[in-house]
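Chemist: The task is simple: from the sequences and hints, build the whole structure.
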Amino acid sequence: MSVLRASGRLCPPGDDPQLLRVTLKCLIGTIHVLHGSGRDQRGVEIRSILDTYFRLLNGELPGLLEGGNHAPEDGFVTLRISMLNAISEMLNCSDRPVLQAVFLNNNCYEHIIQLIQNSKVYDEGSESITVHAIAVLTAIMKSSPSAKEVFKERIGYSHLYEVLKSRGRPSKRLLQELMNMVRAWFPPHPP
1 MSVLRASGRL CPPGDDPQLL RVTLKCLIGT IHVLHGSGRD QRGVEIRSIL DTYFRLLNGE
61 LPGLLEGGNH APEDGFVTLR ISMLNAISEM LNCSDRPVLQ AVFLNNNCYE HIIQLIQNSK
121 VYDEGSESIT VHAIAVLTAI MKSSPSAKEV FKERIGYSHL YEVLKSRGRP SKRLLQELMN
181 MVRAWFPPHP P
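Heads up: the sequence shown runs through residues 1 to 191, numbered per full-length UniProt numbering.
Hints listed in this document are in silico derivations from the structure and should not be mistaken for laboratory results.
Treat the hints with care, since some could be wrong.
[Unchecked claim] Simulated pairs of lysine-lysine, DSS-like, Cα-Cα distance not exceeding 27 angstroms:
hint, residue 1, residue 2
1, Lys152, Lys142
2, Lys165, Lys120
3, Lys165, Lys152
4, Lys148, Lys120
5, Lys165, Lys142
6, Lys120, Lys152
7, Lys120, Lys172
8, Lys172, Lys142
9, Lys165, Lys148
10, Lys25, Lys142
11, Lys172, Lys148
12, Lys172, Lys152
Bear in mind the structure is a predicted one, so any value in this text is a computation, not a measurement.
Modeler: Below you can see the structure in the form of structure tokens.
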């Protein structure tokens, strides 16, 4: 987690993109190994890893927007997008419903909505963070009526609408991702 903590703060995006990718791949692998092992075999619980992960995802870096230096801001946005993409990969495992429940119990929806709200402060990356966040919300709910119900109860469609509306006019990319979400929520019925 310390590599993730340092990625957005210390390294401009081009410095060592491999380090971020490898770190996230290791974290994804860790989640999969822990998920596949019994409680008595785990040295750490998935819940505690996700708790730290979501705190990092929504963490602010001191002085990020001061001084007009956009390299740290770019690194911060790149880190957030990479971390969002990793969530979808974490959920690609056998026994997905159980891991989805662990994510839901870690308030993943609330953390992702908070990230969308907080990303408005970034000039260039705000839209990308929002698009990726919507894709992750869709991935979390994939093939799970109970995950969709939890979203409806905890966040609600009207709150998501208000959060997105507060961001101003949506881009074509965001509208496309919202259409993907609708298709995932309401798959076509066979004839």
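Chemist: Next, verify each hint and record whether it holds.
Modeler: For each hint, the structure was consulted:
For the suggested pair Lys152 and Lys142, the alpha carbons sit about 14 angstroms apart, so the restraint of at most 27 angstroms is met. Restraint check for Lys165 and Lys120: the C-alpha separation of about 12 angstroms stays at or below 27 angstroms, so the hint holds. Distance restraint check for Lys165 and Lys152: the Cα-Cα separation of roughly 18 angstroms lies within the 27 angstroms cut-off, and the hinted pair is therefore satisfied. Taking the CA atoms of Lys148 and Lys120, the gap is near 26 angstroms; set against the 27 angstroms cutoff, the hint holds.
Of the supplied pair hints, the one linking Lys165 and Lys142 holds, its CA atoms being roughly 24 angstroms apart against a limit of 27 angstroms. In summary, the hint linking Lys120 to Lys152 is supported, as the alpha carbons are separated by about 24 angstroms, within the 27 angstroms threshold. A threshold of 27 angstroms between alpha carbons decides the hint, and for Lys120 with Lys172 the separation of about 18 angstroms falls inside it, so the pair holds. The hinted pair formed by Lys172 and Lys142 meets the criterion: a straight-line CA distance of about 23 angstroms does not exceed 27 angstroms.
Only pairs whose Cα atoms come within 27 angstroms are accepted, and Lys165 paired with Lys148 is accepted, the gap being roughly 21 angstroms. For the hint linking Lys25 to Lys142, the alpha-carbon distance of about 21 angstroms falls within 27 angstroms, and the restraint holds. A threshold of 27 angstroms between alpha carbons decides the hint, and for Lys172 with Lys148 the separation of about 25 angstroms falls inside it, so the pair holds. Among the hinted pairs, Lys172 with Lys152 is consistent with the structure: their alpha-carbon atoms are about 25 angstroms apart, no more than 27 angstroms.
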